[in-house]
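A.B. asks: Let the hints inform the model, and build the full structure from the sequences given.
Chains as they are written, first to last, in this note's numbering: chain F, 1 to 279; chain X, 1 to 307; chain L, 1 to 235.
Bear in mind the hints are in silico, worked out from the structure with no lab data behind them. Wrong hints could be hidden among the right ones.
Pairs of lysine to aspartate or glutamate, EDC-like flavour, derived with a Cα cap of 20 angstroms [as the list claims (entries may be wrong)]: (1) Lys-181/L with Asp-56/F; (2) Lys-8/X with Asp-26/X; (3) Lys-181/L with Asp-53/F.
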Amino acid sequence: MIALLKIELYKIFKRPRTYISFGIIAAISFVIQLAMVSDGKTFVGFALQGITDQFDIHGTILNGYLIAYIILQSLLIHIPLLVALVAGDALAGEAGAGTLRLLLTKPISRVQIVLTKFLASFIYSLLLIIWLALVALALSLLLFGKGDLINLKSDTVIILLSNDIMWRYALAFLFAALAMTTIASLAIFLSSFAQNSIGPIISTMGIVIVFTLLSNLELPLFNLIKPYLFTTHVIGWKGFFEDPVPYSLIAKSATILLLYTVGFITATLVYFNQKDIKS
Amino acid sequence: MDTMLSAKGLSKSFKHFKALDDLSFDINKGQVYGFLGQNGAGKSTTMRLLLGLIFPDAGSVYISGQLLSKNNRNLLKNVGAIIERPDLYGYLSGRDNLKIFALLSHANLKSTRLDEVFEIVGLKGRENDLVSSYSQGMKQRLGLAIAIVHNPDILILDEPTNGLDPQGIADMRALIRSLNADHNKTILISSHLIYEIEQVASSMLIIHKGKKLIEGNVKQLLNANDTLTNFQIQSDAHLLAALNNSTWAPFLQASTTESLSFKMDPEKIPSLNNWLVANKVAVKSINSIHSLEQYFLNITHDSTAKN
Amino acid sequence: MMRNIFLICFFLLGTVPPAFAIQADALYDQLNKKVLTVKDYTAQVKLKIDVNYMRVPQLNGTMFFKSPNKMRLERKGGLSILPKKNINLTLSNLIPTGKVAVLDQGTALYNGRKLRVLKIVPDDDQNQIILTKLWIDEDAVLVIHLETTTRNDGTIMMDMEYNNYASYALPDKVKILLDLKDYKLPKGITFDYDEWADTKTTKPSKSQKGTIEIFYSNYTINKGLSDLVFNKTND
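C.D. replies: Structure representation (structure tokens):
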């Protein structure tokens, strides 16, 4: 299976479209960093209005940690799309191109194929997150330096000291990798039904967007289902920037994401294993 | 004789359309087996069933005597296949494509083997170009390369000359003959063209609307004795009585006052012609066709007429 | 001894005769004199913020002060959070300058301590400070509690505790008492994580009061501080 995995990764990284994802992450980061360089103070002033009415806050508010946090917020919408771009293509793209047909005439089981594509998508997601860490965090620190981090929640303001932040980012990125793996597994599941990768990519994004809305709207009807939606838990990485860190909540979220991932992949295996390949 | 590839009672429906109905055949070691049928007859469906791409509603497939199942796909190590047109990774080179599929087939990956295969299929010099730049014929050749790179004993080739120019077609047929004659490969080749099967196959099966119609040795099925000779004539009713009392009676297949059909060795045509002239029958024209070809053409005609 | 007699007379008379008004002035003068001996200081500070909607760890830094009204809290790039007031939170600033009227409010119990209460009203109508009320430990001549009503920034309330630097009227601990307004941001912007769980780390509190405690230590007093120290911008 290692040979299979190497082949999958080779195919993924030989395609120019894969590098678009890394380019987009860099672009988003640069745009935000540029915006902060030119107009960061206004942004900060606006964001802190609720507090600066009553308090004077001095110090390096606009520092690398804060800017990285702002960039990370884009994890909510942008990176799931970039993950779906590759994972959604995993089976559907090959079906559409006709290469799936040839692949399945080889002495490899369909289970191996699905698991390999999942692992390859996981590695790709991990690399995306590592790249994000480099351009969002490392570069922001280089440009803006360290400082204390202000985390604004809807009803709380949290200040984290500069020497107490790096480990939070490390764990947050790890959690983000898990969250993106869940998205990848959803995309692969949808990919198993289609003959063309556009469908699974758009469907994955549609589901993420709609579920994210459900996860965040304050309606009693939605409150019942929120704890069960994976999008509610995808933002679990934010828990590491709270004080105190709600470890048991984060652990619950991680478990739910793992369950979703296993569920999606199992469903893919069950369906794909009995599917007639007519493409 | 070792049975290398076997289909037992294969049936397959897609929604309400019955694509295959109780199809069975055996292919022995060293055979080149022709699979003849018009488009939509069930050839590709059969090929896909043989390779586990689709699953039968009933029946089984055996490779080298062992049942092919989801858990037993290792049997495909000894099979090479082209199904419909070979679709490949356009963003990779020919060499990369071959390497990938060779790896997946557990083949020997030495570059010498890859070079050898490129030479065999006539792609030497183009192996490092992206497949997106290949013509259809070149892709077909690469598809064949992928099918043979791991030196399988069994080849399943679905219309392998599709998209090839006349030289390519000739080369492909020569290669198939060579793989069989020199390397004892067992080959299943499908086509909708009878002369294609004639050129390479030793045994054959005709499939129509998902059912087996005829199966047997190609030479026997295309036996000279089964040649149909048709005489366009001008005659009267007395001729039929005379014919039925003559030695030509056993060969007569059909007769009217304007045409006579005989199933016999073409060597007999001059004698028959002399007999007809002696019996004051005006012969306007004579033509001969293989009865199998006629049979196949009839099927095609029937189908076209119905459509 | 003499002071005790004064106190007894004060209780016996129960009014504020001119003699006590002078005494109030005298107390005020003594206090002022003490406060004004400090021309500048540097101190290590620890800030503890107790606001229901804030989670802030202890902030360590250095406080600089130069008479009459220069003050800066430095945290070497880190954040400092102080109540929004245009007046520096030093005693010298919370006691009005210039001509004042000192009104004796008698004594009062504050946190179990009997303290002398003085009301200081500036003569100047335009003074930033409208009035300051001081709860003073008469024996030590130290302000224990103050409430300063300002023109633009509402009322500032502070508690002070003294120890090693009492002679300079420099506190070891200052507690600023706050009246809080609600803090709220739309959830659609913040995408809070813990909304899905029943137990939230922040429970909305009905308390509208908060405190900022500043712990002072290692004062370096009257060593001379350049004005440049106060020109650094921390943002």
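A.B. asks: Are the hints correct? Go through all of them and say.
C.D. replies: Each hint tested on the structure:
1. Lys-181/L with Asp-56/F: holds (15 angstroms)
2. Lys-8/X with Asp-26/X: holds (8 angstroms)
3. Lys-181/L with Asp-53/F: holds (9 angstroms)
No hint from the list above goes unmet by this structure.
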